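Chains as they are written, first to last, in our numbering: chain A, 1 to 297; chain B, 1 to 382.
Worth double-checking, as some hints may not be accurate.
A short list of chain B residues far from chain A (calculated; beta carbon distances all over 10 Å) [to be verified]:
no., residue
1, 21
2, 22
3, 43
4, 55
5, 59
6, 63
7, 70
8, 88
9, 111
10, 185
11, 197
12, 219
13, 284
14, 351
15, 368
16, 374
The following label-pair restraints were derived from C-beta to C-beta distances [to be verified]:
no., chain 1, residue 1, chain 2, residue 2, range
17, B, 209, A, 9, 37 to 43 Å
18, B, 174, A, 53, 52 to 58 Å
19, A, 161, B, 334, 56 to 62 Å
20, B, 81, A, 161, 41 to 47 Å
Calculated from the structure, these hints are not laboratory results.
Fair warning: this is a prediction, and the values are worked out from it, not measured in the lab.
Just so you know, even glycine gets a beta-carbon here, dropped at the ideal spot from N, CA and C.
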Amino acid sequence: MIEPTYAIEAQEEFLYPGHLACQGCGSTIAIRYVLKALGKNTVVVIPACCWSIIAGLFPSSCLGVPLVHTAFETAAVAATGVRAALDIQGKEGVNVLAWAGDGGTFDIGFQALSGAAERNEDILYCCYDNEAYMNTGIQRSSATPVGAWTTTTPKGGLEDRPKKDIVRIMAAHNIPYAATANVAFPDDLYRKAKKAASIKGMKFIHILSPCPTGWRIPSSESVEVARLATLSNLFPLYEVENGSKVIVNYFPPKKVPVAQYLESQGRFHLVSDEQKKQIQRNVDAYWGGLMKEVKKK
Amino acid sequence: MKKVLMGNFAASHGVRLSRAQVISAYPITPQTHVVEELSAMVARGELNAKFIKVESEHSALACCIAASVMGARVFTATSSHGLLLMHELLHWASGGRLPIVMVAVNRAIAPGWNIWNEQTDTLSQRDTGWIQLYCASNQEILDTVIQAFKLAETVKIPVMVIYDAFILSHTYEPVDIPDQGLIDTFLPPISNPEALTMEKAQAFGSVTNPDFHMEFRMKLHETYGRVFEEFEKLEEEYSAQIGRKYGIIEPYRCEDADLIMITAGSLAGPSRMVVDGLRKKGIRTGRIKLKLFRPFPSEALREALKPAKKILVLDRNLSPGTGGIFAHEVRAALKGDTRSIWAFVAGLGGRDITPDLIESMFFDALGAEVPISETIFKGVRL
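Produce the entire structure from the sequences given, and follow the hints as far as they go.
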């Protein structure tokens, strides 16, 4: 058990009961806290992803705010269009939230995302990352970690290609705000969404969001498994302001071996001991790099 | 006020007079001037709009769609490969019943790279649910853009305003620019009660299972039936204020014509010249300019074609294996009709279609009872 660091003052809920997510889905926790932070004056844009379904079948919606479904590769630019309409209509003080999965962010939607970042659109783009195309039945995306089994990586996937470093790529666009978050640290996620809402321009939050079905874990353990990702430094919590200022938000009091995270999930059953050591080395190197950057400032 | 404008700038003025609020686009020859001029108009303060130069045509239309969902009047322009890249989103726009207006300048499709005129780009989008209006002059482009917004917002179907690369897009003609006041009366600010607002937690585009999907599409199809009368109505209104009218088709000297040629776009001009020339030689010819392609004006065509003994269609486009696309549609509209149809394909990839070439088509039809083949390529070097 980790004590929350930040208080979540907002009481109002914008994720209603009756959503269509699987049991233990991390993305419902994620959107719940993000919308609590953003509040009622928010328009949500959702491209093809699990949330196309979770949000509800016509004529229902499980969100307490207006929602625009859009094509797979268009979340960031549809959010741009929503913002443009609000601006020309003189509607101020509205948050525009693009809410996309890893496929729609790392892969097919990346061009539009990069374009929106380059233009510094006044939107908050959240990627809830469950590390594969889960909605279509667990196919590898460029967010799938080394060694993970998916239906298109039946032998454990590419051997030593690290996961695409999406937050660094977004930060390299020199946007005002890029951050990681983890559903197992909802107070941190809430604070980051609040902070993002207070900043004008492009904001990006990469949220680790477990999928019990695809990760091969019991639905009751998704938060615990997600927590191990951060406790082992595999998924550090940090922010990058204006493309360069790095702030690490959480330092694990006692480092958990990455193997413990990997072994908690069925999807890593093909990872050999040698690979585990390599993954540990990669994680240590990444964390070491982060620490250097923090000290540099 | 009269100005000498190229077709692309005539389109820009139409958009300015329509007071579009969100314009999103990506450059492609030969359309680029349209949005260049619009961005200049916004910069000069002549148009109060958000101009967003996005990173692809796909994104341009996605941006317009989202802004339209939020109730803004939106515009984009593209051509050829850009239009094809938008294909997925063309369906989103019509399926979402969004009153978006787009200019599409007809340009050939690679390979090899070819920036010149051909209609295959827009015609290959015929099943995407967009109304298509083909223009034959720069004046018609300006007027049609304004009318397109009114039509789109009346029937809640997106509209493509289409004209030929270079022959119109880059050619200067005198164009009358109507007074803003008149256009404001004709086209009041957009009001879309179906748009999303901050007051209600509604959703656009939610999953529709088999219980609902079919009705949405059927309603779209049924609404298409209203397009003819709505367009006629707004043309009446427009001509009462502005003094110009084009019609969903424009028959020329068809009343007593033995041979009638159907064509679209800028070919309406030279084909009319040829008809006049042949009439002087005592050959009774006529031509029909097709303006509205979707929905297809079958009834109006059947009526205008009544006097003809032979029917000619001139296509500057090709559906490989089928032939000219206008010819294909005309054949469907005339099902059961026993008159011979001469389907000519010419001018692909910007090759000139000269009056002589058009005249030779009439002579082909005069010289035989039936065409030598279902599709006849003209002006081909073999």
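* To do: Would you check whether the claim that residue 374(B) is not at the interface survives, using Cβ distances to chain A and the 10 Å cut-off?
  => holds, 38 Å
* Minimum Cβ separation between residue 351(B) and chain A greater than 10 Å? -> Correct as stated: the minimum Cβ-Cβ distance to chain A is 35 Å, above 10 Å.
* Asked: Is it true that residue 81(B) and residue 161(A) lie within 41 to 47 Å of each other by Cβ?
  -> violated, 32 Å
* Check the non-interface label on residue 63(B): least C-beta distance to chain A beyond 10 Å or not. => violated, 4 Å
* To do: Against chain A, does residue 55(B) hold up as non-interface, every C-beta pair farther apart than 10 Å?
  => violated, 3 Å
* To do: Quick one: work out the minimum CB distance from residue 22(B) to chain A and report holds if it exceeds 10 Å, violated otherwise.
  => violated, 5 Å
* **Non-interface claim for residue 219(B), where every Cβ of chain A lies beyond 10 Å** => holds, 14 Å
* To do: Could you let me know if the closest chain A CB is still more than 10 Å away from the CB of residue 59(B)?
  => violated, 4 Å
* Asked: Does residue 197(B) sit more than 10 Å from chain A, CB to CB?
  -> violated, 7 Å
* To do: Just double-check residue 70(B) for me: nearest Cβ-Cβ distance to chain A has to come out over 10 Å.
  => violated, 4 Å
* To do: With 10 Å as the threshold, tell me whether residue 185(B) passes as away from chain A on beta-carbon distances.
  => holds, 22 Å
* Asked: Taking the minimum C-beta separation from residue 21(B) to chain A, is that value above 10 Å?
  -> violated, 4 Å
Hints 1, 2, 4, 5, 6, 7, 8, 11 and 20, counting from the list given before, are not met by this structure.
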